[in-house]
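Protein chains: 4
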Amino acid sequence: MQKEEKYSTIHYHNYLELDQLLALQNKRSAALGENAHDETLFIIMHQVYELWFKQILTELDSVCHLFRDERVNEDNMNTVLLRLKRVSAIVNLMIEQIHVMETLTPLDFLDFRDYLFPASGFQSMQFRMVESTLGLREEDRLTYHGKSYKIVFTDAQRAQLDAIEQGGSLFELVERWLERTPFLQFAGFDFLAAYRAAVDRMIEKEQANIMNSDYLAPEMKAMRLRMLGDSNSYFKHVLSQAEHERMLAAGECRLSYRATVAALLINLYREKPILNIPFNLLMELMNIDELLTTWRYRHAQMVMRMIGNKIGTGGSSGHDYLAATAAKHKIFKDLHNISSLLIPRSELPDLPEDLNRNLGFYHSAQV
Amino acid sequence: MQKEEKYSTIHYHNYLELDQLLALQNKRSAALGENAHDETLFIIMHQVYELWFKQILTELDSVCHLFRDERVNEDNMNTVLLRLKRVSAIVNLMIEQIHVMETLTPLDFLDFRDYLFPASGFQSMQFRMVESTLGLREEDRLTYHGKSYKIVFTDAQRAQLDAIEQGGSLFELVERWLERTPFLQFAGFDFLAAYRAAVDRMIEKEQANIMNSDYLAPEMKAMRLRMLGDSNSYFKHVLSQAEHERMLAAGECRLSYRATVAALLINLYREKPILNIPFNLLMELMNIDELLTTWRYRHAQMVMRMIGNKIGTGGSSGHDYLAATAAKHKIFKDLHNISSLLIPRSELPDLPEDLNRNLGFYHSAQV
Amino acid sequence: MQKEEKYSTIHYHNYLELDQLLALQNKRSAALGENAHDETLFIIMHQVYELWFKQILTELDSVCHLFRDERVNEDNMNTVLLRLKRVSAIVNLMIEQIHVMETLTPLDFLDFRDYLFPASGFQSMQFRMVESTLGLREEDRLTYHGKSYKIVFTDAQRAQLDAIEQGGSLFELVERWLERTPFLQFAGFDFLAAYRAAVDRMIEKEQANIMNSDYLAPEMKAMRLRMLGDSNSYFKHVLSQAEHERMLAAGECRLSYRATVAALLINLYREKPILNIPFNLLMELMNIDELLTTWRYRHAQMVMRMIGNKIGTGGSSGHDYLAATAAKHKIFKDLHNISSLLIPRSELPDLPEDLNRNLGFYHSAQV
Amino acid sequence: MQKEEKYSTIHYHNYLELDQLLALQNKRSAALGENAHDETLFIIMHQVYELWFKQILTELDSVCHLFRDERVNEDNMNTVLLRLKRVSAIVNLMIEQIHVMETLTPLDFLDFRDYLFPASGFQSMQFRMVESTLGLREEDRLTYHGKSYKIVFTDAQRAQLDAIEQGGSLFELVERWLERTPFLQFAGFDFLAAYRAAVDRMIEKEQANIMNSDYLAPEMKAMRLRMLGDSNSYFKHVLSQAEHERMLAAGECRLSYRATVAALLINLYREKPILNIPFNLLMELMNIDELLTTWRYRHAQMVMRMIGNKIGTGGSSGHDYLAATAAKHKIFKDLHNISSLLIPRSELPDLPEDLNRNLGFYHSAQV
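Residue numbers (this note's numbering), protein chains in the order written: chain A, 13 to 379; chain B, 13 to 379; chain C, 13 to 379; chain D, 13 to 379.
There's no promise every hint is true.
[Stated by the list, open to error] Okay, the calculated beta carbon distance ranges per label pair: (1) 365(B) <-> 163(C): 55 to 61 Å; (2) 47(C) <-> 158(A): 57 to 63 Å; (3) 188(D) <-> 212(A): 42 to 48 Å; (4) 264(D) <-> 46(C): 44 to 50 Å; (5) 191(B) <-> 261(D): 56 to 62 Å; (6) 157(D) <-> 248(B): 20 to 26 Å; (7) 154(C) <-> 254(A): 32 to 38 Å; (8) 215(B) <-> 35(A): 54 to 60 Å; (9) 209(B) <-> 261(D): 56 to 62 Å; (10) 169(C) <-> 358(B): 34 to 40 Å; (11) 158(D) <-> 215(B): 23 to 29 Å; (12) 332(D) <-> 376(B): 40 to 46 Å.
Keep in mind the hints are simulated off the structure, nothing from the lab.
Ideal Cβ placement from N, Cα and C applies to all residues, glycine included.
Between the sequences and the hints, there should be enough to build the whole structure, so can you do that?
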């Protein structure tokens, strides 16, 4: 298209390439002579999902690109946040779409299921790309009968997936960005030392609550104190770098020590203007993680309703496979775990005035 | 494709024709040298809508086909119901999709809006086909600056729309099906006479309620009695065929007298087994009508947020146009009006035993 | 209230007892001198849940009552279906309510969490009643630190829960109703024998598909044939009563043999008029089960976000407990498993004419 | 309650005052001897709505309080935003609740409708308080048969509503806050002058687009140029203070000139850190307005389904009344109209460096 065509004929129909788009729903059942009405729905449902996957990839790629820019600036972070919110909105819609899928009944599906063999949603390249771009690694994934999930793809596709896995996922980009947070040690204020003291005060208080309760029987008190001791151990994540390194090595967590401490600071001081968008950004990453999990989970429920415990057309165990990925394919677990580390506002140490100003707006500091 | 290919190579990727599908998102802004990130979303949102329109048309066409079959049988009516429910599920999802559209902000839209000129959602052929297939007539529609909505289409498309408008819409097919209801006069039972007596009893009671109320001031009593008189006039729809014919002629209603009475009977005796699916079917038609109205309405809200009161790219008045169609483009209004005609169960006349049996199951009548 | 008061003063405000209702939100934090803004939300959220629980119990009790009536008739079954659909609509709303709960942030919750100790959602009597009325048994439940879930209740409440558990849950009432299905053996038609033959034909076909595939490597063929063998074993549920009894004894399933076969028949011949409502009724039971599972699951996600892995105020392990009940507290699993037993319509045996008539309407059989 | 009771016996059941709460569902139909099953749902639905109204009022009151504080600071604005988002989440849930209301069918409602006479949702004091607190004035409201909406309330309630109407609604507080925006004229930068020049450039471009189009017939070009002229007139809102004052006097708009210009600036430069929360806050106010409108609209649809065009129990015209409030009871219309005034980013004037710094963070300006 040339520059001068700019304002020449453009019609909704051409712009959306509807002639081509609406010619891509070719039923196997019709081609093979036994037309099944509901196969059109089956095709369109999956094509819509693939269009949304493309949109999600478009957003995630742009977000990664913005994070890669050395000079990440505040305006960009707002753009990143809005694009991640868009991804959430799309995954949310994908979850709602399951209600449409559920109008396809098991008996109607059985009318054309044979013709699809051995195709399977397992073979969606774009969905794998979404997972890998977010940060799901080969080792985090369920295997496919003991083999890599990549065996269902062509060589070219596998190379593409490898490139994503090696190229720096959103997880790693966010980790590096967190590590650059400048406020962890600031002009004589040691965030971790202040936090450690606050945690100790809080745990003492909770112990006293349990001990002083009139309501709890002695055995319940003992049990609760034991549980409190367990919960206490969560704080070791941040209170001891050595312990954190051990957990990293053992695969019990994934986010680096410095990034974890930064995420905690952002969570605790989220009201400070300069931390507002970073906090919302971490929330949105967790949100996407949760929504994808819910989608897999609802998808598994739907497959259960559709084929029960039968094997899927692609040879996976259908429902069980999907239910297992819902539990396992989480990426930002370490951010979720930050919640365990939060303490009441009343325990939070006051910030030195100089730091406080650095977390605020220029204009407010001038007036 | 030949029979023997049946179980040869089929892969998710080929089945869904993803190479073609995912190559149809070509941004005008990119072609014209000023790439706008958000145009991809704009294209995909509309392509998804068009895919859903295709699915809705697939269902509506099959439903019309089943209604046209002279030997409409009960199994078919269940199929009709399930397909209409699917249409509802899809329109519901279309409404949810507006949340994704709302992630496109006015400022981001303005980045590429100029390039789309003069294309417009107004030019969606498939959506017009959906409306016409359901039963929206040319005269029910808003005009486009005083001209037919068809002027934005090609000759071939106009011919296609004409054919749908003349070929018997779902509205007309349902009307004929209602007119065939066999139970209106049955072995000495005159449904309308019994209903008329019940209405009279009910209105007398309501008048007494108002007169006897300790709470209402005299002027309020008078006002309410006046309103009751007005509501009374609704019953003329069914109690007087002459009045109904007058309303039909004046365009105040559209459904034939016999079909209206049948719809009322089905509403009142919905618990009878043989009327269960017919009742649910009428409900689903109203549901689709309401959902499409909600979609137009939410769409209008979204356009307001996006471009305010500016004109749309297609030259419509944007928000105002959509808001007006939300109010005007209703098809099954006459079914909604049936609600005004319902009376309490306690007023409903007992059915003669023979009729009761004919509204039940064969098996139950045998045992 | 006396009869003559019928139409005397009644006002929205009195009718809903708003003076009392709106005086029940008494914050512990305010009483204890450190008012926490968000505690009002916390109270209202839970009160709304309890109001919905009461509504669900109202519906479930009425449904059980209708099932208990010896002369269960068709009109009643429609009422049962509509009330179960209402339960689904409510649970669905309960799931949506989690979005409101999520506006309470971890830090805001920590402001008053201490004051609630040791109260806990674990102590909701009504929710336990919902679960037990549906059919969850003591032995299906997670224990509470090795003890019965009932230990948090008073003696009177425990007695009430015992009564529900012993009085015939909805699960058992449905089971008995299924067992009464009259069409399993009908005038020379043996449903199970016909089904068995159809299953054999279908499995042979699937084996052939795998063997003849050009696409699958030999090892994949072997693997799939193995999986097919496994899936084959699901059919033993119904094809062998002895096997079914063994599974019942081993706790691998719960629904009686005769009820299972009836549920299968209803699923396969759902289009027959007399089976339409029974089929929808079974679907709705599964729906409620799924929705409650989704609610527990989303609830667990929300708790994770709120307190991470900390212990709940009631001494449960919070997130883990809820996530475990989401997986375990399912009641109508056996109905879900019916999906595994479905076979394509084309394999379904034709029904003898006499049986076909008995599954239809009286009126249709007369004309 | 005394301080020392802090950790004494507290149980979920007592905390939520469930004995009282669950005793407030007293059916009129039962009291009057003709028990209607569905009246429980009717009561609970409305009680739940009233609980949510109380929560909304709690949030709005706190938000107004924060706005009234002379020293409005940035942390507070974040709190305001989160509380407004909570209001949105609640109204959204209220909309979803209509699905539960729809399970009450017209026939079931008619079973007990008579007993409710003349109570009506019209008499909800709390909902009126929500509307008035947001900023709906007596003159913006539909009248009730030519009288004030307040005539259904007691003297004490009327006084309460008067106090809210006179005490400074959220609308007025937001207006004053907008008027205080410091960046409209800044060290030699005149926002309005720069904006006026940009608008002129944009309109010239759009005119050229229309003139140069190959696609549009001459009459269509003329029509579009006319429409562009009309849309042009929207800009007068901000480009001419005199015109704005005329519109204010004529009741065509409500927001003061200075506040309107500030809202435009915030919309155009939303990416600037210091404008981020103000922008999201304006968005959220529009969101609440839209959601309340949608709720009224869906409510009207539901009433149509329930009683058709009959009069409501409270003597309003039911559906028509609700549909009219959906169209009329909007509060932040002027914020919605800002969309008409937006122009493409490429037209936006560059900000002087000094102003740019003042819109950013202190920390960024230091490094």
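Taking the hints in turn, this is what the structure says about them:
no.	hint	result
1	365(B) <-> 163(C): 55 to 61 Å	holds, 57 Å
2	47(C) <-> 158(A): 57 to 63 Å	holds, 59 Å
3	188(D) <-> 212(A): 42 to 48 Å	holds, 46 Å
4	264(D) <-> 46(C): 44 to 50 Å	holds, 49 Å
5	191(B) <-> 261(D): 56 to 62 Å	holds, 59 Å
6	157(D) <-> 248(B): 20 to 26 Å	holds, 24 Å
7	154(C) <-> 254(A): 32 to 38 Å	holds, 36 Å
8	215(B) <-> 35(A): 54 to 60 Å	holds, 59 Å
9	209(B) <-> 261(D): 56 to 62 Å	holds, 59 Å
10	169(C) <-> 358(B): 34 to 40 Å	holds, 39 Å
11	158(D) <-> 215(B): 23 to 29 Å	holds, 25 Å
12	332(D) <-> 376(B): 40 to 46 Å	holds, 44 Å
In this structure, none of the earlier numbered hints is contradicted; all agree with it.
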